[in-house]
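Novice: Chain by chain, the residues run as shown.
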Amino acid sequence: VERAAVQRRLTWQLGTVAELIEETARTKSIALEIPDWRGHRAGQHVDVRLTAEDGYQAQRSYSIASAPEDERLVLTVERLADGEVSPYLTETLLVGDELELRGPIGGYFVWEDQLGGPLLLLAGGSGVVPFRSMLRHHEASGSEVPARLLYSARTLGDVIYRDELTLLGTSDGIEVRVTLTREQPEAWEGYAGRIDRAMLEEVAWTPGDGPLVYVCGPTGFVEAAAGALVELGHVPGRIRTERFGASGA
Amino acid sequence: MTVLDGNAIAGPLHEVFGTEMTTAVGSCAGCGATAPVAEAAVYIRGPGIVGRCRRCDTVLMVLVTIRGRTCVDLRGLAALEPASSEGG
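For the protein sequence lines, the chains are A and B, in the order given. To convert a position in the first sequence, counted from 1, into our numbering, add 8. To convert a position in the second sequence, counted from 1, into our numbering, add 1065.
This is chain A alone, in the form it adopts within the complex:
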């Protein structure tokens, strides 16, 4: 009922940057104070719009990294070398600056306790961002749904939210596993290489357990991971996907 009441027009709002957190060499989290923010569901996005002095505008969609229960809205942005928006957000933006955004947006790639599980989250690169929101929400809401995150990153240095994910992985009901595709440190105890059928057979429960699966990452990652799950017998209707491009998203 409450949700029905918030189905209204999307309007652009101004947020003020309250904090900037360097997550990795290429990603930064932006914590925003937004007056009259109407709340969000874990997994939703916002659109961010930049306007140049000559009036030129560029707009991109970013997943929300914070849980609905968190005090501030947090976006985590990966800097793309040929990006129009992400270099500004990760290199130029300062605490106290204003940022124009609208949201929350989307209702498909969303998880909350009543959707149940077991909950399987497969992340490629910065595809982990909406899962931080979901896992923080899982924790804050005291959900008893078993949850597993399998996160694929190139190197240990590319793992976003590394300390927080390690901590979340010690919570009851949450398991976090990381695979490093390009380079593994000595004595690395996680997985190595891209997510494949063998890895998913270990992590993804069985098709009989009927996990609710969310896959988020670059298009190639999503196609490969979702395809492997279907080959293993998981029901396509229980797999929700979200793709972002190598540039832009």
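Be aware that one or more of the hints could be misleading.
What the hints assert, rightly or not - Derived coverage of chain B by chain A (criterion: at least 3 residues anywhere in the stretch with Cβ under 8 Å from a Cβ of chain A; other residues may be distant):
| no. | segment |
| --- | --- |
| 1 | 1084-1098 |
| 2 | 1114-1123 |
| 3 | 1136-1142 |
As the list claims (entries may be wrong) - Pair by pair, the computed Cβ-Cβ distance ranges are:
| no. | chain 1 | residue 1 | chain 2 | residue 2 | range |
| --- | --- | --- | --- | --- | --- |
| 4 | A | Gly177 | B | Thr1130 | 40 to 50 Å |
| 5 | B | Arg1132 | A | Gly198 | 44 to 54 Å |
| 6 | B | Arg1132 | A | Gly124 | 45 to 55 Å |
The set of hints was computed from the structure by calculation and includes no laboratory data. Bear in mind the structure is a predicted one, so any value in this text is a computation, not a measurement. The beta carbon of each residue, even a glycine, is placed where N, CA and C say it ideally should be.
With chain A fixed as given, assemble chain B onto it according to the hints.
Specialist: For chain B alone, coordinates are given in the frame of chain A:
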């Protein structure tokens, strides 16, 4: 060009339809497949936004914005039903 999905255009769709549309279920006029808008194959790097059926590649929707006015072509959709749980 990179293929994205309907999640990537949740904002523009919300703007056009006045409500959340990625959970709406579309039926392809080409092959009859039904899927949430979020699962459509979406191309956003052209002059407009194009959404295609993941099964048969039929163009389901085209959104083009020129001088602040958005033109929407949905001729590839036989039906578009808002998700009942989201409609309130």
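Novice: Check each numbered hint from earlier against the structure, then list the numbers of those it violates in ascending order.
Specialist: 2 and 3
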